[in-house]
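Use these hints to put chain B onto chain A, whose structure you have.
Chain order of the listed sequences is A and B. Okay, so the first sequence: first residue is 1 according to the working numbering, each after it adds one. Okay, so the second sequence: first residue is 1 according to the working numbering, each after it adds one.
In short, the hints are calculated from the structure, not lab data. Glycine included, C-beta positions come from ideal geometry on N, C-alpha and C. Treat each hint with caution, since some may be false.
Unchecked claim - Heads up, incomplete: computed chain A residues facing chain B, CB under 10 Å, no partners named:
{"#": "1", "residue": "Gln4"}
{"#": "2", "residue": "Leu8"}
{"#": "3", "residue": "Leu104"}
{"#": "4", "residue": "Leu107"}
{"#": "5", "residue": "Ser130"}
Unchecked claim - Computed cross-link-like contacts, SDA-like style, restricted to lysine to any residue with a CA-CA straight-line distance of at most 20 Å:
{"#": "6", "chain 1": "B", "residue 1": "Lys183", "chain 2": "A", "residue 2": "Ser130"}
{"#": "7", "chain 1": "A", "residue 1": "Lys339", "chain 2": "B", "residue 2": "Leu145"}
{"#": "8", "chain 1": "A", "residue 1": "Lys339", "chain 2": "A", "residue 2": "His355"}
Claimed, not checked - Short, incomplete list of chain A residues facing chain B, as computed with Cβ under 8 Å:
{"#": "9", "residue": "Gln102"}
{"#": "10", "residue": "Arg106"}
{"#": "11", "residue": "Trp162"}
{"#": "12", "residue": "His173"}
{"#": "13", "residue": "Tyr267"}
{"#": "14", "residue": "Glu304"}
{"#": "15", "residue": "Tyr331"}
Here are the chains, one letter per residue:
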Amino acid sequence: MEDQLQYLITANTEENRFQWAKEWKNQGKKVIGILSSEVPEEVITAAGMMPFRITGTWSENISHARVYRTENSCGYCNHVLESFLNPDLDFLDGVVIADIDQDLVRLWDVLQALRIKPFCHIIHIPFVDSALNIRFFTEEVKRLIALLEGFIERPITENALWAAIETHNQTRHLLSGVYDLRKQETPPVSGAEALGLITAATIIPKEIFNRQLESLLPYLNERKTSLEHLHPRILITSEMLDHPAYLELVEEHCLVAMDDMDTGSRYFHLMVDAESKDPVQALAERYLGRQGAPRMAHWNRQVEQIMTWVKAFNIDGVIGLPLTWCHPQNYRMPFLREKLKQINIPCINLDRAYHPANFGQLRTRIGAFVEMLGS
Amino acid sequence: MNHYEARILKLQKRIQRIEENPDPTKLKSNRIRYEIQLEETQEQLAAWREGRPFSDGGGSFMAGPLARAMGFAPMGSVGVAIGATEPEKYLEISRSKGLPVDNACDMTSIPFAMQECGAVPLEDLAVCDPHSCTVMCLAAIYLSLTHTKDRFTYYLDVGLEENEANLRHVTNQLEEFIEFAEKTFPGKIRYNEEKLSEMQSYEEAARKLLYEIYELRRHIPSPIAGKDIFTGGFGASTAKGLEYIQTRRDEIAERVEKGLAGVPGEKLRLLWTVTRPFFMDPFEVLAKRKAAVVFYYSGPTWRDIPFSRPSYWGDRELSPLEKVAADAISSRYRTPSTTWIKEILKVSRDFQIDGIINYNMVGCTATLGFKKLLEDAVEEELDIPTLQLEGKQWDRSYANEAIISAKLDEFAQICLNRIHQ
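Pulled out of the complex, with its shape left as it was, chain A reads as follows (with noise of 0.2 Å):
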């Protein structure tokens, strides 16, 4: 079992990263890149095609992408793109793109204009979940949907898609079970590997996924971590990490416990509403109702399910890992910060590189950060 759980864990790396999506495609079937978690992949899966999300290149050098993106620009950003103009993403027939910043939008400009992918859209995600956005957003959604039908030159029914939902909602139970059991004192996966799985959700097809994890669980009830240090228990929260290097450096002095990230937590918060009579409107009330990345304006109720999960997996500290040009991330945690400090809980924020780098400063500074925990 244990090789079948390293098996996911290890699915999003370099090496293995394309493989499910390569064997779809031997099989006939497209692959859509998405860029956000943000993107109601469900409607690929209604379409019969692999929604696979883009993990830029973890290689220092983007020499390609810095032609058209400055430094001062969003990492996540500059890193796929590299992996777009190398032959990294080749296999993809397609990219859907949130247009969550501004930094995003400019990527999806230059892609269109390199005429990168037959299909590329963008897709609006109003910034705050009122009842007139959410009626914006599922138009916004059924023309996704229209377009995807037009690619693939047939319908989406909809019992494609509450079949989809149904699949979707179904990865999202397991991963809070998994999830649930990172509350007990040694929990059965560090934060890297908790990672691992939410990215391997991401890249390898739904049902597979769910067959390997669901499989897994009874081990995953009596697995415990290998780790270390199990105190102080941490929740990091972060933007576009998918690399489990950033996590595995915090957690050589303490445990990852708990996530705010997109990679992470916010993956699989809220189910679709499977009860609901309007499969697109239900998809729309999930995506803007959940757990919400900071350019979502209500930083309020992020805050507090934040703090509910402080108390939940009994963290004794927060570490924010931004990307250094994120600016959403960046703005939220002043605020974030101040909250914290009302219940007691410290709170450092470290900027990152999107690829591995600077471990030396990062690890001297999370270190500083555990042993003020620890006193």
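Same frame as chain A, but now just chain B:
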């Protein structure tokens, strides 16, 4: 002394200086512009003292005119930042709050800090929207959640595309905004459609004049250059605003007739984009090379240019609220870069531009991501060079006067060499 008091003194001195010692090289219409600014600032100060509610409606290109028509006093949006007398102090205040101002456009951090430290009042009803830039929206969210006592925020979502669905979406929200504002400030705030309509008719009249000005400015040599080209897109939703545009048009026409040039002996015609450093006059060094910056293109300035606007709403007449919505969704900071690039190409052709200075404002998420696309399009379609000039607006630490001057001088030389080849 608060910001308004300091600004009133500054504007009064400026007007007095013009009266006592007019500079023949400067546009006379500038005086009217300063008078308008003075009147607005005096109104802001009076409103603050009287306790009238403030709202910018998200800025003059969002629901700003609507907020005015509802009886709100205007904050001045980013104009407040441009007129700030102590920008460094405000940047430092933002830093002290832990906000990453050094990684962002400093223009967006200043209005926020001015409210924080009481240089201007806290906006009573802020409109927070993502139309112009991610950072401005985030700063507004921060402010709305950290200063909640007796102040309110309406989150106005704007879709990506200029189409009927987005127009309806924004109009619906504007209606909701009106309802919310009237309930929140009973007796003080009331939507006055007639007033909004009147403001819009001034703007429409001004736009026709601006199109005339555009044609006049195509003249070689350019009748105006440098700083004067940054003041053209001044909002004209009042009778005096219209008077300013009329006077400016007449004056430019006169300069064209007399063959007067913004840069005498003009040898180069340059287009400047995005924004500029406010801690220096970057046009002086160019003028020494007889290089005239003859056009400024940025998010809002496209409104002054005779482009055919997309009439996705068909032939029907838009309601005043829909006009506000249509303007809001047309922000060039928000739309795909193809719009921005297409318009720069048109202006460059119309004005026979020899080179483009694309100001790479550090942290500007709206524009940095397409700098290469712009450069390629300009090179391919017009065969002219682009200078990617990196810097900030008030913060000299990225690129100071000497660095910027050296780059501009070198670029002017390159453009001149290309012309002479």
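Straight-line alpha-carbon gap Lys339(A) to His355(A), limit 20 Å:
violated (30 Å)
Given hint Arg106(A) near chain B, where the shortest CB pair must fall under 8 Å
With Cβ-Cβ at 2 Å, under 8 Å, it holds.
Holds or violated: is the Cβ of Leu8(A) closer than 10 Å to a Cβ in chain B?
violated (34 Å)
Mind checking the CB of Tyr331(A) against every CB in chain B and telling me if the closest is under 8 Å?
Since the shortest Cβ distance to chain B is 4 Å, the answer is holds.
Can the hint on Gln102(A) be confirmed by a CB-to-CB distance to chain B that is less than 8 Å?
holds (4 Å)
Tell me if the interface restraint on Tyr267(A) is satisfied: Cβ within less than 8 Å of some Cβ in chain B.
violated (22 Å)
Hint check: Lys183(B) vs Ser130(A), CA-CA at most 20 Å. Holds or violated?
holds (18 Å)
Could you check if Leu104(A) really has its C-beta closer than 10 Å to a C-beta on chain B?
holds (9 Å)
Given a cut of 10 Å on the nearest C-beta pair, is the interface hint for Leu107(A) held or broken against chain B?
Nearest chain B Cβ about 6 Å off; hint holds.
Taking 8 Å as the limit, does the beta-carbon of Trp162(A) come near enough to a beta-carbon in chain B?
This hint is violated: Trp162(A) lies away from chain B, its Cβ roughly 25 Å from the closest one there, beyond 8 Å.
Does the nearest C-beta of chain B fall within a distance shorter than 8 Å of the C-beta of Glu304(A)?
Nearest chain B Cβ about 12 Å off; hint violated.
Given Gln4(A) was flagged as interface, is its beta-carbon under 10 Å from a beta-carbon of chain B?
violated (41 Å)
Hints 1, 2, 8, 11, 12, 13, 14 from the earlier list are contradicted by this structure; the remaining hints agree with it.
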